[in-house]
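Visitor: In case you want the letters, here they are:
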Amino acid sequence: MVTSDSTQAILEVKKATKIYSGVTVLSSVDFDLYPGEVHALVGENGAGKSTLSKIISGVIEKSAGSMKCKGEDYHPLNTHDAIRHGISIVHQEFNLIPVLTVAQNVFLGKEKAAGGVIDEKESIRKTGDIIDKFKLNLPIKRKVCYLSVSQMQLVEIVKCLCDDSDIIIMDEPTATLTKNETQQLFRIIEDLRKEGISIIYISHKLDEIFTVSQRITVLRDGEKVGTYRTGDLDENRLVNLMVGREISSMYQHENYAQDEVVLSVRGFTKYGVAENISFDLKRGEILGFGGLVGAGRTELMKMMFGEIPIDGGEVELFGETFTRPKIGRMVKAGLVYLPEDRKNEGIIASMKVSENITLAILRKMVRGLFVSPALEKSTSSEIVQKLQIKTQGLSQKVGNLSGGNQQKVVLARWLVSNVRVLILDEPTRGIDVGAKHEIYKLMNQLCESGISIIMISSEMPELIGMCDRILVMCEGRITGELAGDAIQETTIMSYAAQRGHRM
Amino acid sequence: MVFTVRGDRIKRQDNLRIKAVIVRTGVFWSLAVLMIVLSLVSDQFLTAGNLLNVARQVTVTAILGIGVTFVIIGAGIDLSVGSLLAVTSAYAAGSMVTQGSLLLALLIAIGSGVGFGLCQGVLITKFNLAPFAVTLGGMSIFRGMTLLFTGGYPISKLPENFRWFGSGNIGFLPAPLLILIIVAVVAYIILSKTRVGRYIYAIGSNENATRLSGIDVNFYRTLTYVIAGVCCAIAGIILTGRVNSAHPYAGQGYELNAIAAAVIGGTSLNGGEGTIYGTIIGALIIGIIENGLNLLQINPFYQDVAVGAVIIVAILVDRTRIGMQEKLAKVATDE
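Heads up: the sequence lines are chains C and R, in that order. Our numbering applies: residue 1 is where the first sequence begins, and numbers increase by one. Our numbering applies: residue 1 is where the second sequence begins, and numbers increase by one.
Hints are computed from structural coordinates only; laboratory data are not their basis. Keep in mind that a hint or two might mislead.
Stated by the list, open to error - Here are the simulated PhoX-like cross-link-like pairs (lysine-lysine), alpha carbons at most 25 angstroms apart as the crow flies:
{"no.": "1", "chain 1": "R", "residue 1": "Lys193", "chain 2": "C", "residue 2": "Lys352"}
{"no.": "2", "chain 1": "R", "residue 1": "Lys327", "chain 2": "R", "residue 2": "Lys19"}
{"no.": "3", "chain 1": "R", "residue 1": "Lys193", "chain 2": "C", "residue 2": "Lys397"}
{"no.": "4", "chain 1": "C", "residue 1": "Lys332", "chain 2": "R", "residue 2": "Lys327"}
{"no.": "5", "chain 1": "C", "residue 1": "Lys390", "chain 2": "R", "residue 2": "Lys19"}
{"no.": "6", "chain 1": "R", "residue 1": "Lys193", "chain 2": "C", "residue 2": "Lys377"}
{"no.": "7", "chain 1": "C", "residue 1": "Lys352", "chain 2": "R", "residue 2": "Lys327"}
{"no.": "8", "chain 1": "C", "residue 1": "Lys54", "chain 2": "R", "residue 2": "Lys327"}
{"no.": "9", "chain 1": "C", "residue 1": "Lys332", "chain 2": "C", "residue 2": "Lys390"}
{"no.": "10", "chain 1": "C", "residue 1": "Lys343", "chain 2": "C", "residue 2": "Lys326"}
Claimed, not checked - Rough simulated footprint, nothing fancy, chain C against chain R, three-plus residues with beta-carbon under 8 angstroms:
{"no.": "11", "segment": "188–196"}
{"no.": "12", "segment": "204–218"}
To be verified - Just the calculated beta-carbon pair ranges, DEER-fashion:
{"no.": "13", "chain 1": "R", "residue 1": "Asn15", "chain 2": "C", "residue 2": "Gly312", "range": "52 to 62 angstroms"}
{"no.": "14", "chain 1": "R", "residue 1": "Ile182", "chain 2": "C", "residue 2": "Glu260", "range": "51 to 61 angstroms"}
{"no.": "15", "chain 1": "R", "residue 1": "Ile182", "chain 2": "C", "residue 2": "Ser278", "range": "53 to 63 angstroms"}
{"no.": "16", "chain 1": "C", "residue 1": "Leu375", "chain 2": "R", "residue 2": "Val37", "range": "38 to 48 angstroms"}
{"no.": "17", "chain 1": "C", "residue 1": "Gly294", "chain 2": "R", "residue 2": "Ala133", "range": "49 to 59 angstroms"}
{"no.": "18", "chain 1": "R", "residue 1": "Asn15", "chain 2": "C", "residue 2": "Asp341", "range": "32 to 42 angstroms"}
{"no.": "19", "chain 1": "R", "residue 1": "Ala130", "chain 2": "C", "residue 2": "Leu100", "range": "20 to 30 angstroms"}
{"no.": "20", "chain 1": "C", "residue 1": "Thr79", "chain 2": "R", "residue 2": "Asn15", "range": "54 to 64 angstroms"}
{"no.": "21", "chain 1": "C", "residue 1": "Tyr146", "chain 2": "R", "residue 2": "Pro300", "range": "50 to 60 angstroms"}
{"no.": "22", "chain 1": "C", "residue 1": "Asn95", "chain 2": "R", "residue 2": "Ala133", "range": "44 to 54 angstroms"}
None of these values were measured; they are calculated from a predicted model. Every residue gets a Cβ at the ideal spot worked out from N, C-alpha and C, and that includes glycine.
Work out the full structure: start from the sequences and follow the hints.
Guide: Pasting the structure below:
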């Protein structure tokens, strides 16, 4: 369904510009969308994707430029106005009321009422029509809090369809979805497309963009790099367009694993979470953990780190055996954990960059009774330079940094300690391509220097590209181990879905 | 293009920063304005006698406020400080009257402050109970214990050396003011120069991240309640010395003034932010408003209204400040 010039664009954006009190964040960007088209919008963080989508969906007003929707001039005053024109947005964060049912959420704010009493049957009937039409797996009368994340997202999409939207903007729709759920979403997108609905698809995940889109518009630093037919690009070329420089290859991993076993987990059990887990980790090795969301990978790491108390088993770290791991002791022994949830478990947003970096080794920063500012400064500035953390200074609040730089700050916190085994839980989630590449490079350097890494990742290319060995988990058990050439996406997926089987 | 974008962004951040600094130091300016206005409308305000009187009165609120500041920065709350003041000073005064040893009386005050603070802290951290509920219970329990201990009557006829803490002087400086200065300096040093202070800020800002950095979060959170307990004991000694009796209803309602002082001074009720000098300025603002209304012979019932209004304004200012921070963050991350 490649666009032909004969059909008229459903949405035309000309020279859209956004200036926030003097700062140009979007500069003269053209964008168009045809009926039944999935048009991907890509770029690094700060490239202007969100700004453009917010202008189109009426969240913010453009500073200059013009838009046409279905041939008519289009100046949305707010999101409601945009919805009236048939344009809705599905945000990364859901706007759903957990205690209301699917139908009640879909009709929230537009309930049909007779004499002040809501006509629930009407809502259920109409919601049901849409669900049937697109064959969605969505229980109409169930409360949203009992739904899975992917189902919640479907509710958001149904909300858009119920508003008769023919343009849907999806902002990172797969960020919280598993591989299977993502596949389902793609099927639904395909169905929507066949119905003539157009989709603006914003994502960091390049493989998805190639699967789902017909055209790709690349933005960089608020300017448009170009619009391309998806078939005319490949991943490397797209990355280069986004970053504006050559990234020869994302992963250039060499195997630095040595024979010495540094960490060995035996019979680790927490009933209902992870059972009878045993594995070894070698010096300099990158050991990957694959599996679906909810397979128990994060929980296993937190058990090893002492965050979740265990029911049985032990972990041996550099010859020292722990039957009841405690965070403080594990850190001292050189095992550290970089959490998946950067905002709630990683950064301390209101504190300075330097304070975040020295948090775990503050004991060493003390001279006499007091923390030595000079020592803190020298320690943190060294690592800030080494990791190329982009800050306006060591006293900038970490909350004000970009996602990638925040992640680097959390990494820095551990790299200044005597880390010997580093657990990375989804280390590149939500950060842009450039920062990702730097983190991969850093991982290689660390392994070369003899540090061992355990990495949980839901991004297959990253897992396959970076790991020497991969353990796959499903329902709290290790279902497969892969190494070398045996590491294949299909094999990982089949182990990950091996419910009810034991190794 | 890239460079102009970045350059403009930095300029805009600088503008926002200047505004943020003005808002952040707003509490200081409000105190200054308040003092200027009062010195214009009342010729008694700016006399040494009156100012020392204000200082004497403010010390109790300020010291309680300092204790509460530690707790609130650690994302807790302590509603029990008024009752804790009463129980520690009743024990101290009782011991003073019966045993006659000043040292013992002081040790009992501080010791019971530490002990009761520890109990509350352990309940909150080990059993993961809401600080609001535990200290609300504590407020009632400690008051009841005071009434039980005193039989409902004030313990008075305290010796001169005990009274000195509330009413004595060193040169022209009232003893309570000197004690406040010492407490404030020590508290400031702990909060901004030591590991303990850094951890308390970190816990208040993001407890999970702090725990995952290998820090014993429960220990430091408990410590904030112990520090608050010690502050209650010190404030209690001063109050008892000043009025020459440990009254069973001493300190009733003081928890609100203490929390108000912290909040007016910019301590965020969400935790992670706050300063000692802010709390002292907050206590001064409350004290000076009360003093000013007295001097102007305005119905004293207006005092509560005024203090309440100041609290709400302070929280409003805090909101604005957070809004500015978020704006700053947005400009910094571009979108």
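Visitor: Kindly confirm whether 20 to 30 angstroms is satisfied by the beta carbon distance between Ala130/R and Leu100/C.
Guide: 27 angstroms, holds
Visitor: Is it true that the CA of Lys332/C sits at most 25 angstroms from the CA of Lys327/R?
Guide: Not satisfied, since the Cα-Cα distance of roughly 39 angstroms exceeds 25 angstroms.
Visitor: Between Gly294/C and Ala133/R, does the beta-carbon spacing fit 49 to 59 angstroms?
Guide: 33 angstroms, violated
Visitor: Would you check the hint for Lys332/C and Lys390/C, treating anything up to 25 angstroms between C-alpha atoms as holding?
Guide: 29 angstroms, violated
Visitor: With 51 to 61 angstroms as the target window, see if Ile182/R and Glu260/C comply at their CB atoms.
Guide: The hinted range 51 to 61 angstroms holds for Ile182/R and Glu260/C, with Cβ atoms some 56 angstroms apart.
Visitor: Has the hinted range 52 to 62 angstroms been met by the Cβ atoms of Asn15/R and Gly312/C?
Guide: Holds, at about 59 angstroms.
Visitor: For the pair supplied as a hint, Lys327/R and Lys19/R, confirm whether the alpha-carbon distance does not exceed 25 angstroms.
Guide: Since the Cα atoms of Lys327/R and Lys19/R sit roughly 12 angstroms apart, the hinted pair holds (cutoff 25 angstroms).
Visitor: Given the range 53 to 63 angstroms, decide if the beta-carbon distance of Ile182/R to Ser278/C lies inside it.
Guide: 58 angstroms, holds
Visitor: Holds or violated: Lys193/R and Lys377/C, Cα atoms, limit 25 angstroms.
Guide: Distance of about 14 angstroms is within 25 angstroms: holds.
Visitor: Cβ-Cβ distance between Asn95/C and Ala133/R: within 44 to 54 angstroms?
Guide: Violated, at about 32 angstroms.
Visitor: Are there three or more residues in the segment 204–218 of chain R whose C-beta lies within less than 8 angstroms of some C-beta in chain C?
Guide: It holds: at least three residues are needed, and the segment 204–218 of chain R offers 11 whose Cβ sits within less than 8 angstroms of chain C.
Visitor: Against the 25 angstroms threshold, does the CA-CA distance of Lys193/R and Lys352/C hold or violate the hint?
Guide: 15 angstroms, holds
Checked against the numbered hints above, the structure breaks hints 4, 9, 17, 20 and 22 and satisfies the rest.
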